[in-house]
Structure formats: structure tokens, C-alpha cells
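All chains should be built: construct the whole structure from the sequences, respecting the hints.
Residue numbers (my numbering), protein chains in the order written: chain A, 1 to 205; chain B, 1 to 205; chain C, 1 to 205.
FYI, nobody ran anything at the bench for these hints, they're computed from the structure. Note that beta-carbon positions come from the ideal geometry of N, C-alpha and C, so glycine has one too. Wrong hints could be hidden among the right ones.
As the list claims (entries may be wrong) - Pairwise CB distance ranges (calculated):
#	chain 1	residue 1	chain 2	residue 2	range
1	A	V77	B	W62	37 to 45 Å
2	C	G112	B	A5	29 to 37 Å
3	B	A5	C	Y116	40 to 48 Å
4	C	I162	B	Q81	37 to 45 Å
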Amino acid sequence: MLLTALEYLGLFAFAASGALAAVRARLDVFGVIVVGLTTALGGGVIRDVLLGIHPPTTLRNWPYLAVCAATALLVFVFHPQIARLRRAVLLADALGLGVFATAGTTIALDTGAPVYAACLIGMTTGIGGGAVRDLLLREIPLVLRKEIYAVAALAGAVLVGIGHVLRLPSGPVTVVAAAAVVAVRMVALWRRGNAPVARGADPAP
Amino acid sequence: MLLTALEYLGLFAFAASGALAAVRARLDVFGVIVVGLTTALGGGVIRDVLLGIHPPTTLRNWPYLAVCAATALLVFVFHPQIARLRRAVLLADALGLGVFATAGTTIALDTGAPVYAACLIGMTTGIGGGAVRDLLLREIPLVLRKEIYAVAALAGAVLVGIGHVLRLPSGPVTVVAAAAVVAVRMVALWRRGNAPVARGADPAP
Amino acid sequence: MLLTALEYLGLFAFAASGALAAVRARLDVFGVIVVGLTTALGGGVIRDVLLGIHPPTTLRNWPYLAVCAATALLVFVFHPQIARLRRAVLLADALGLGVFATAGTTIALDTGAPVYAACLIGMTTGIGGGAVRDLLLREIPLVLRKEIYAVAALAGAVLVGIGHVLRLPSGPVTVVAAAAVVAVRMVALWRRGNAPVARGADPAP
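As C-alpha cells, then:
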């Protein structure tokens, strides 16, 4: 129940982040909806393809799609106001990352995947949607450029994996791990603690 | 039989569209063939991966590959003449979109996918090849920028889904739905009826 | 045993090539590791998704990931010295291409795929990782621009397929075919024998 609510919050957050990026790339209303949907549903589709769940869960539940399309449409109409809520968007994006990375790991473990593979697939679930969004919009993916993004997702996935090995109940573990991802992202954004660039390669202006 | 003929026409159209885009991006003859193949076969591979058909059908039938490679080679040799046939290329592209979106939906329904998932997978089959082409050539995908492209594919897929629910025979329904997609695309191209861009985001010059 | 050694050499080579490209794109240390991993493991993941092996083998064996991450980290620290070893990097990349294309074909044949499909999937395994690397870094994929790259991979895959049809032992055939790929790539690099660009489309400056 709590997990379902969190999942919809994650879909909402990722759909909004995709739609905002599409508005900035000057796409029309249909392009904005397609990018919003792809960002929100992409990670789950990649997860199900890797786990062999056919057809992917995210393509079988229409409420998922309805929530994402409505969110993208709202962003299209109200984007000037939303752009001002920059902190809320970043928080929502962190929440989405945390929920998808940890829930993805739990789902992979439930299908019988080994712990090691489940953690990698969980991390991929979290960062996949955003990577697809940036590829579609012809950006170098944020996950490659930004503060501790993939590492935060991996940390959450590993926490779920540890909980699984210790036979802790998966629901509470997922919530705690998702909260840990959000906390790591918030600290990273707050400190702007970008990891170092290799010597001799000046940062882009 | 009619469906098979339409399918080869779709492969031919998409291979030509991919090869033309590759020639314009100044790729060599092998690059042109690779992009032509990827554009024509990509949607079907994505469809089969989502449906769990292993290995993908399009990779098991050599006539598919032969038609696409021959088409790409012809485009490489005769591209100045073909570029002048702009209307024929756009018509063929619309035909490919219609055939792949509707046949993809029918195939998904045949494997037992729920109607809702089948429509989404059909739409993805139609627009997938072109999206991969644009990603490879580093363009913002046409599907995100152009007149009623994804919506036309979705409309065709939904028509097939409605026919399935009403238990109409799948062959004729697919042909009618494909024709509807082509008609929608033609009207959209004729009217240049681009959907609106969000307020405050000026169209690119 | 020989094959396993070759496979690790291929992972090492592709991880280094991905990490070097990421350093040049000015990514931070985490981005460099992500691109190195994606380049080295990407081809195998695509292969397993096409063959229906869930979860993908490359995500189940932690030594694969450890070798790739360590390689990427070494490249990040020592990249000025490595960049001088340009010939070694090109040789290693050719070795990786050969090993992955031929081993991918052998694995596909082992899962019962038809010879024709196995060759295509083997070629895709060889060129997949590099294509993903270039997409992530927003380049037109090398496979579309460079000397006889996809063709070399396909030639190696077809040699394995011929060996399979003639019922030759798969181990030695794979090694010979991989060596053939490396030889073709070396000759292509030595002669800079780029294939012709279409008439009227001047080569990029």
C-alpha cells in the first residue's frame, strides 16, 4: 500500500521531469507526452526485459500510463509555474530514483534473480528512464554528468540486497533504502559535491 | 498474402528512409546499409523483445534482410534521383508506419498479450525503427518533432484492438487500420498541422 | 580456458575504450566507470535479451564487473599515458570485437538459434557495446563511420556459422574466426581503406 503510493509518486516525478526537459527542447504537446511517458515507464520496461517478464508490467496497467500522460499534459500547460518550483522537482526526481532503484531490486529478487544481478537490475531500473529521456533529447545523459546519481541508485539497491540476504521483511527494507537514496541525492545536490574530472581534461565552460 | 505484400512494402519504405538519412549524414556504403537495416528491422526486434519471442522473427528470415540491404544499396547508388521523389518517400514512410503499427498489434494479440498492452507494443513497433535511426544519426527523433506521428500509429493500433474486442477477422481489420494510419499521416503532411509548442518556448529557427 | 582468457581480454579492451572516450568527453570518475562498464558489458546484455537468457549472464558474474570497473578506474587515473599507447588500444579494441562477435555466435548456436539468426546476433554482440558507448556520449556511432567495422564482425560470425554447419569443434573455430576479425581490422586500419561515400555527399572536413 505504502509502496504503491510511493510508486505512483515516482511515476509522477519522472513524468514531470521528462516533460519539463521536452518543453525546454521545444517539442510540441505530443512530443512532450511521449518523452514524459518514456521517462516514467522506461526504467520498468528495461527491468522487465532483463528479467524476462513479457509483456512488461508497465505496459499492462493503464493507470500507470494515465497518471504519466496527465502529468506530462499538466507540465505542458503550466510549465512556467513548475519551472519555478525547481527544488520540488529535484526532490521528486530523487524520490523517483530511490523508489524505482529499490523496488526494481525487490521485484528482481522476487523473480528468483541472484542478489548480485538483482542489485544491478535495480540500479538500471532507477537510472534507465532518465537515460532514455536524455538520449531522445540528444543530451549526454545526466546520469553520466551529475552528482552521485548512479552511485546513489546502486547504494539503495545494495541495501535491499543486504536486507534480502539477512532475511529482513522486504517492504520496510525497500522504504528505508529508498529514503537512503533520497538522502544521498539531497546531500549531493546541497554540497554540489561533483566527483573529480580526470587530470588534464578541463571542465566544460 | 496481402498482409505479406504490405509488410515487404513497409520494410522497403523504412529501409529507404533510413538509407536516405544516412546518405545525408555522409556515412559510407556500409554505414548506409547498417542504418537502412536498423530502421527497417528495428521496430520488429523491439516488438519481439517486449513479447518474449526469442530470437526475434526479423532476425530469423533472411529475405527480410536481403530486401532491406538491397534497398539501402540502391538508395546509396541512386540517392540524387530518389531525393527528388520526396512525395513518394513520405508516402512510403507513412505506409511503413501504418503496416508495422497495425501488424505489430495483431502479432501481440496473437501471442496472448492483453489488448491494452498489445496496442502500446504495436505503436512502439511502428515508431521504433525511425526512433533508432534518428538516435544513431544523432537527431532528435522525428517522432518527437513531427506532425501527428506517434498519434497516427497509436490510432491504427487502437483500431486493431477494437476489432479484436469485437471479434472481427484480424486480416481485413489490419488492412483497414493501416490505411487509416496512412490517411492520417497524409492529411497531417498536407495541412502541416503541427501541434502547438508550449507557451514561451519559441519554435527553433 | 583459452576462450575464457580471450573473453577477459575483450572485456578489458572494451572497458578501456569506453573509459578513454568518457575521459575525453570530460565526465567525472563515476561517469567514466559507467561508460566503461556499459561498453564492456553492453554487447553481452543485448545478446542475452535477444536470446531470451534471463537475467543476462554478464549481470550475474561479478568478476566481469570487477575487471571492467578496475580497468575504467585505471584509465581514469593514467589516461595521459594510455592515450599515447594508441596502437595498443586499437589492437585491443579489434581483439574485443573479434572475441565478442565470434563467442556471441557460438553462444547463440548453443541455445538452439538458427545459424542465420546466430550470425546476426553474434555481429550485434560485437558491435553493440561500442554503439551504446557512442550513443551515451552523443557521437555518431563509430560502427557507422569507420573502416570495415560491422563487416569484420559479420565475417567472424559467418565463419563460426560455417564451422557449425560443417560440424567442426566450436572452440578452435571460434579462436580462428576471432583471429580473422582482428586481422581484417588491422588491415583496414593500416590501409585506412574507408569505403566510398555516396556521390555528391562530400566527406566531412
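Pairwise beta carbon distance, G112 of chain C to A5 of chain B, judged against the given window 29 to 37 Å: About 31 Å separates the Cβ atoms of G112 of chain C and A5 of chain B, which means 29 to 37 Å holds.
Distance restraint hint 37 to 45 Å, applied to the beta-carbon atoms of I162 of chain C and Q81 of chain B: holds (38 Å)
CB-CB spacing for Y116 of chain C and A5 of chain B relative to the 40 to 48 Å hint: violated (23 Å)
Assessment of proposed distance window 37 to 45 Å (beta carbons of V77 of chain A, W62 of chain B): Distance hint for V77 of chain A, W62 of chain B is violated at roughly 50 Å.
Checked against the numbered hints listed earlier, the structure breaks hints 1, 3; every other hint is satisfied.
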